[in-house]
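Just so you know, the sequences run in chain order R and U. Numbering-wise (this note's numbering), the first sequence opens with residue 1 and increments by one. Numbering-wise (this note's numbering), the second sequence opens with residue 1 and increments by one.
No lab work stands behind these hints, which were simulated from the structure alone. A hint or two may mislead.
Said to hold, decoys possible - Below are the DSBU-like pairs computed for lysine-lysine, each with C-alpha atoms no more than 35 Å apart in a straight line: (1) K121/R to K14/R; (2) K386/U to K192/R; (3) K233/R to K298/R; (4) K89/R to K510/U; (5) K14/R to K192/R; (6) K550/U to K121/R; (7) K664/U to K550/U; (8) K121/R to K427/U; (9) K41/U to K233/R; (10) K121/R to K89/R; (11) K367/U to K386/U; (12) K169/U to K41/U; (13) K89/R to K233/R; (14) K427/U to K664/U; (15) K510/U to K169/U; (16) K192/R to K298/R; (17) K14/R to K550/U; (18) K41/U to K664/U.
Unchecked claim - Listing some non-contacts, in silico: residues in chain R with all C-beta distances to chain U over 12 Å: (19) N29; (20) R43; (21) A53; (22) G70; (23) A79; (24) D208; (25) Q215; (26) A229; (27) V234; (28) R259; (29) R265; (30) E284; (31) Q303; (32) Q310.
Claimed, not checked - Here are some chain U residues pointing at chain R (derived, C-beta under 7 Å): (33) R231; (34) L232; (35) R541; (36) Y587.
Just so you know, these numbers come straight off a predicted model, no measurement behind them. Note that CB positions come from ideal geometry on N, CA and C, so glycine has one too.
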Amino acid sequence: MLSGSPQTGADLGKRLRARDLSAAPAALNLIESFAPSDREQARELLSAVSPAALGGEAAGHIVGVTGPPGAGKSTLLSALLHTWRDEGKSVAMLAVDPSSRRSGGSLLGDRARIDFDPADKGVLIRSTAAGDRLGGLAPATRTAAQALAAAFDIVVIETVGVGQAETEVADVADTVSVVVQPGSGDVLQFLKSGIMETPDVLVVTKADLGDLALQTRRDLSAALRSLGARETKVVAVCSLPPTCGIEELVDALEQHRLRANIAERRTCARRAGALLDFAAEHGERGLRALGGRREAEKLLATQDPSLDGQALVATLEEAARA
Amino acid sequence: MSADSVDPRLPEPDRPWMMRTYAGHSTARASNELYRRNLAKGQTGLSVAFDLPTQTGYDPDDELARGEVGKVGVPVSHRGDMEALMDGIPLGEMNTSMTINATAAWLLALYIVAAENQDPPTPQSQLQGTTQNDIVKEFLARGTYAFPPAPSMRLIADMIAYTVEHVPKWNPINICSYHLQEAGATPVQEIAYAMSNAIAVLDATRERLQAQSHDPGSGHQDDAASDRAQRLMGEVFGRISFFVNAGVRFVEEHAKLRAMSILWEQIGRERYGVTSERHLRFRYGVQVNSLGLTEGQPENNVQRIVLEALAVTLGRDARARAIQLPAWNEALGLPRPWDQQWSLRIQQVLAYETDILEYPDIFEGSKVMEGLVEELLSGAREEMAKVAEHGGAVQAVSYMKGALVDSHRERIRRIESGEQIVVGQNKFTETEESPLTADAEGGILVVDPAVEAQQIEAIGRWRSQRDQTAVDAALSELARVAASEDAGENLMVPTIAAARAGATTGEWAKTLREVFGSYRAPTGVGEAVAAPADEELTGLREQVAQLTQKLGRRPKILVGKPGLDGHSNGAEQIAVRARDAGMDVVYEGIRLTPAQIAASALQEGVHVIGLSILSGSHRELIPAVIEALRESGVDAPVVVGGIIPDQDVEPLEQAGVAAVYTPKDFDITRIVRDIVQLVGERSGAALPA
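Could you build the full structure based on these sequences and the hints that come with them?
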């Protein structure tokens, strides 16, 4: 809860657009809220950072980091954070809780593991709850990532899981990286069997485990070759001091950003997000009114690529009523 | 006595175990006076309690040391402090145990230098004692680590390799199962994790020993070096001792110790090829359980302590080598010298008045005991296999931590539901006013807040009076060896040189942090399974759901521990229960500055902040956190839990704390309900009670 004068969504949006990072916490409070008055403010906020208002896609790089529990994601993020900050890049991290949704509550212990300087205003770490589906992202996380990309140089979305989680992240992130630890066979199996989509970057942690890490790296590279995924880079890192491979990883992520068609990815992300939001709000009945999921996707594909998520939802709602 | 009957007694009664009191506070000089008085009362060894800045490698003038100087132990910042601490205590005759881990190498170095400078001097080869030096349990339970796991293990291995040759009567490491039980471990977990931990240490040491046992002068061949390493490995095995816990279920606890001694011997023979009976013996010291001590009717803790002491003394085959007992008032605050004397007298009555030392092992041939031991052994072997599957104790920290958080949650659940009876806490709670806590301070020790300022001034004086060039040279040599890839270079050598030159605890640790990097340990909370929802919790979830509707977001709480105190069990349990009640929980962990807490609260957009402190530094730290929050523009209410004496509650409330919880508030669901209510009130979304 923030004291002081209440800040309108439009103000916060303008501040984000001007790359005022201190607007981010209050902006996230609005984006996450489903109270009607907040929703109204959030809409104004999002309009202010939409591609239309920005004159193009938000400049920040949205990076998805996902992998099974215990793969070493939080230590890796800590090391990445320091490297990006040393390069002068501002970083926002959205850490998505993996814990049970039985109670509706969430618990993030990861923040405790990320070493950051509280005086450093160029860093924001926000723990967020997961969506209702296993490994799913909450709608607020998808929206928040694009909004924060207007202000921060890097926006990280961290999720836990493998097989489903990276698909979810792929809907939102410009670059998807999957983190595996040496000797873990699941990722390899998922990859080979096609349960898992091919990520843009594969990270093998705990490279200090030596032969095991090298073997894992070789196995993954071989699997990728057999799938014809020549673009995917495999990087081995050790995130605990003395670190290794972190700069190579930062470079691999950046290379992918330069190579990828960001505008297309973002447009896809917004369309996929809009469809999810619409389905969450109106259910199967709503989808049927649109003539089914395929028809809805077709309709979205005809829309102006720069339309933001809420405008796309409105389009769908209109079509459903018609 | 008939002719064929055998005398059931020992020919000679055994000598009593070593009796210690875990002590130290305020300053080296004040602690020295306390030690001398304790020795005069019949205590036979020393057990040094260091303050948290010393344990984690900070000088008294460091930002993180704020509020912690001289609180839970004595500050020792340089050789001058160690000399004052041991003044008039001949170190050649003393047996000193130090509860020191991350900075153990440094404190041993100061002890070695202090002994050299005593009149008459004692060479390091004559020193006797123990450094706790168990880092895995710091990652798991106690939180006073300083460096990442790999360099921490290297430091320990170097220290073992050094002492086994140069300080041969020293126990360089005390593998602690004590803190695992305090963190909620079951007896099986306690055995398994302690043994796995010992294996990790021994493996690391074997590697360093092989590298360091080439005798450079003699040009020995590799075979000779490897024989020498094998011989030293036997010595190393024989020098590893354990520091265990004993709870009030004292029959099972005794069985646990017998099981540990069987496992230990087996590990020695099978894994390390140790053959000497002397080296294979399981040696342990003990501090009995503090977790089970209660704040309500605290006099009952005396009975608990006596019974727990029986667990480690009754059976001769698994009797403790050294014992220190907690004081009856530990759940209330820091014990005074009188409280500690009471605990020493318990040991003396047991050793000198009862007949336990007159018999051989009284459980030999007992079917019950053998059955219990067998059960524990098979459980422990199974659990050790799981740790091994994770790649050993160091790699399995996250797994073990999650398992401990779960066990502790289960223990609390049993107490809350009344399945497990705690006299005076969840049953038989009617009580008369206790005369023991009737004095102005509430029956505890209060450290003079002026101590911190004095120590800050004193360390400034120390730095200005030493040979700075020599210190700089010693520290840069330390940095060089720390960064060296050559496993043949032992870190103890430059550490002792830096101690001699007059470097400080903070400087030594900072030099190593710069080379090794910093580290934050796994928290275990994310992996904790959800509690089965009882009626209470279901009702609470309903309230949280209503509040969520009113707030527009789920109520979100930040849970963390300001200061250097690493005892995170309480904070972890609150975090897990708040999650199970449906809140969004950000668990921020230990060792936080007020600025970190404020930054996190702001970034996370939380509705309420829960802080836990057990070290007695709440008077300084809590108001500092509240100020930092206000400066950041966060007006979320703050609740505090921990060992907070009654008389401190009001000042905290005046400083802006919304509620204070102490060990007598054992019902965690109730605490979480209060917090939910509080968020409702503060956000103008008050809920029906």
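Evaluation of the provided hints:
no. : hint             : result
1   : K121/R to K14/R  : holds (18 Å)
2   : K386/U to K192/R : holds (28 Å)
3   : K233/R to K298/R : holds (33 Å)
4   : K89/R to K510/U  : holds (27 Å)
5   : K14/R to K192/R  : violated (46 Å)
6   : K550/U to K121/R : holds (31 Å)
7   : K664/U to K550/U : holds (32 Å)
8   : K121/R to K427/U : violated (52 Å)
9   : K41/U to K233/R  : violated (70 Å)
10  : K121/R to K89/R  : holds (11 Å)
11  : K367/U to K386/U : holds (29 Å)
12  : K169/U to K41/U  : holds (26 Å)
13  : K89/R to K233/R  : holds (23 Å)
14  : K427/U to K664/U : holds (13 Å)
15  : K510/U to K169/U : holds (30 Å)
16  : K192/R to K298/R : holds (31 Å)
17  : K14/R to K550/U  : holds (28 Å)
18  : K41/U to K664/U  : holds (33 Å)
19  : N29              : violated (4 Å)
20  : R43              : holds (14 Å)
21  : A53              : holds (24 Å)
22  : G70              : violated (6 Å)
23  : A79              : violated (9 Å)
24  : D208             : violated (7 Å)
25  : Q215             : holds (15 Å)
26  : A229             : holds (29 Å)
27  : V234             : holds (22 Å)
28  : R259             : holds (32 Å)
29  : R265             : holds (27 Å)
30  : E284             : holds (25 Å)
31  : Q303             : holds (29 Å)
32  : Q310             : holds (17 Å)
33  : R231             : violated (29 Å)
34  : L232             : violated (26 Å)
35  : R541             : holds (6 Å)
36  : Y587             : holds (4 Å)
Violated hints, in rising order: 5, 8, 9, 19, 22, 23, 24, 33, 34; the structure is consistent with all others.
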